[in-house]
Amino acid sequence: MDTTADQQTSWDVYLKNCPCRDVLDLLANKWTALVLGALEQRPHRFGELRRAVGGISQKMLTQNLRYLERDGFVSRTVFPTTPPTVEYALTDMGAEVSAHLVALSRWSQVNFDRIREARDGYDTRTLSPVT
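Here the sequence shown is numbered in UniProt numbering, starting from 1 and rising by one per residue.
Careful, some of the hints might be misleading.
Have a look at the derived ranges for each label pair, beta carbon to beta carbon [stated by the list, open to error]: (1) 86 / 112: 20 to 26 Å; (2) 48 / 12: 34 to 40 Å; (3) 108 / 81: 24 to 30 Å; (4) 80 / 108: 36 to 42 Å; (5) 62 / 23: 17 to 23 Å; (6) 122 / 96: 45 to 51 Å; (7) 108 / 23: 17 to 23 Å; (8) 122 / 82: 54 to 60 Å.
If you are wondering where the hints come from, they were derived from the structure by calculation, not from laboratory data. Glycine included, C-beta positions come from ideal geometry on N, C-alpha and C.
Just need the whole structure built from these sequences, with the hints factored in.
What follows is the structure, encoded as structure tokens:
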């Protein structure tokens, strides 16, 4: 009997101690979505990736890449050059999840005017004095 398969069917992110919540935290992070989206285009070196994801700090990019590599979404290849060249690319699993995050990113861009209208309506309603 394969205990790994049995264990996987018992994961439930709605349970307080489910370790899948860590993965959900990583994937729900805006920087993760942007990094994976950039890597969906092609592999990138660190500096290229930092320029592709506007506003991300070196520290945040480093952290995200480490987490993504640890969880199997990104591969890191070091080339024997002077100085060493490091390239990051999506793994098969990274490409699979990236498709969903890129779709969500596109949806947010297409629908941002509607979201802004909803925010404005909410802010106007909640700022009005109660009669």
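Results for each hint:
{"no.": "1", "hint": "86 / 112: 20 to 26 Å", "result": "violated, 34 Å"}
{"no.": "2", "hint": "48 / 12: 34 to 40 Å", "result": "holds, 39 Å"}
{"no.": "3", "hint": "108 / 81: 24 to 30 Å", "result": "violated, 38 Å"}
{"no.": "4", "hint": "80 / 108: 36 to 42 Å", "result": "holds, 41 Å"}
{"no.": "5", "hint": "62 / 23: 17 to 23 Å", "result": "holds, 19 Å"}
{"no.": "6", "hint": "122 / 96: 45 to 51 Å", "result": "violated, 35 Å"}
{"no.": "7", "hint": "108 / 23: 17 to 23 Å", "result": "holds, 21 Å"}
{"no.": "8", "hint": "122 / 82: 54 to 60 Å", "result": "holds, 56 Å"}
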